[in-house]
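Please arrange chain Y on chain X, whose structure you already have, making use of the hints.
These protein sequence lines map, in sequence, to chains X and Y. Residue 23 in the working numbering sits at position 23 of the first sequence, and the numbers go up by one each step. Residue 12 in the working numbering sits at position 12 of the second sequence, and the numbers go up by one each step.
Do not take every clue at face value.
What the hints assert, rightly or not - Here are a few chain Y residues that sit away from chain X, every Cβ distance over 10 Å (derived from the structure):
#1 Ser8
#2 Ala10
#3 Ile13
#4 Ser29
#5 Arg42
#6 Val45
#7 Glu52
#8 Arg58
#9 Ser85
#10 Ile100
Unchecked claim - Reference listing, derived: stretches of chain X covered by chain Y, where coverage requires no fewer than 3 residues with Cβ under 8 Å from a Cβ of chain Y:
#11 14-27
#12 72-85
Hints in this document: simulated from the structure, not taken from any laboratory. Even glycine gets a Cβ: it sits at the ideal position worked out from N, Cα and C.
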Amino acid sequence: NAGVTQTPKFQVLKTGQSMTLQCAQDMNHEYMSWYRQDPGMGLRLIHYSVGAGITDQGEVPNGYNVSRSTTEDFPLRLLSAAPSQTSVYFCASSEQGYEQYFGPGTRLTVT
Amino acid sequence: SQKIEQNSEALNIQEGKTATLTCNYTNYSPAYLQWYRQDPGRGPVFLLLIRENEKEKRKERLKVTFDTTLKQSLFHITASQPADSATYLCALLSSGGSYIPTFGRGTSLIVHP
Numbered sequence: 001n002a003g004v005t006q007t008p009k010f011q012v013l014k015t016g017q018s019m020t021l022q023c024a025q026d027m028n029h030e031y032m033s034w035y036r037q038d039p040g041m042g043l044r045l046i047h048y049s050v051g052a053g054i055t056d057q058g059e060v061p062n063g064y065n066v067s068r069s070t071t072e073d074f075p076l077r078l079l080s081a082a083p084s085q086t087s088v089y090f091c092a093s094s095e096q097g098y099e100q101y102f103g104p105g106t107r108l109t110v111t
Numbered sequence: 001s002q003k004i005e006q007n008s009e010a011l012n013i014q015e016g017k018t019a020t021l022t023c024n025y026t027n028y029s030p031a032y033l034q035w036y037r038q039d040p041g042r043g044p045v046f047l048l049l050i051r052e053n054e055k056e057k058r059k060e061r062l063k064v065t066f067d068t069t070l071k072q073s074l075f076h077i078t079a080s081q082p083a084d085s086a087t088y089l090c091a092l093l094s095s096g097g098s099y100i101p102t103f104g105r106g107t108s109l110i111v112h113p
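Just chain X, with the same shape it has in the complex:
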């Protein structure tokens, strides 16, 4: 099993550009989530999904969109990048929220 994979590993965007961070898992987990991690702020929940077709907002959803058309994939879309979105983004999956399996992260810089 590959576990949770994320692409790209690194990305630099200009303000106003849009992009999609990819996340996929091969463990057939129903629960998937996106977190951002900033120095001194810990992991903050952006969006999450409890199954295909079901998504909900977390603590810091503004500026991000998600969809969940399959169990395996949970992409995160930045609509119009801002410098405040410079961060490390982690995707995670789990069975009913128990043990979270995290991906390796995407380091995003917005200039």
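Only chain Y this time, still in chain X's reference frame:
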């Protein structure tokens, strides 16, 4: 408001000693509490889960306690080694919630040889 507090100052200890990390919370009714390890540049890795009706959980050199009256969990690493140096995160899952955990900010542990 809900808060999860972990000591922001790094914990420095000597190899072989027991490291104890603290997680305090307010305005939560956690059904589960988890501990994760995070190494620089990597995603967190799950270590232990303890339920609200459990007082203590052990796994090899790791021990977690959970006191719902004090609203506190303690995470112990016995016979610590330099390889245990990392940031340790606690996470809470509320009863009746979404089963997506909320994380504390983590405490850095540095074990000196």
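Which constraints among the numbered hints does this structure fail? Numbers only, ascending. 1, 5, 6, 10, 11, 12
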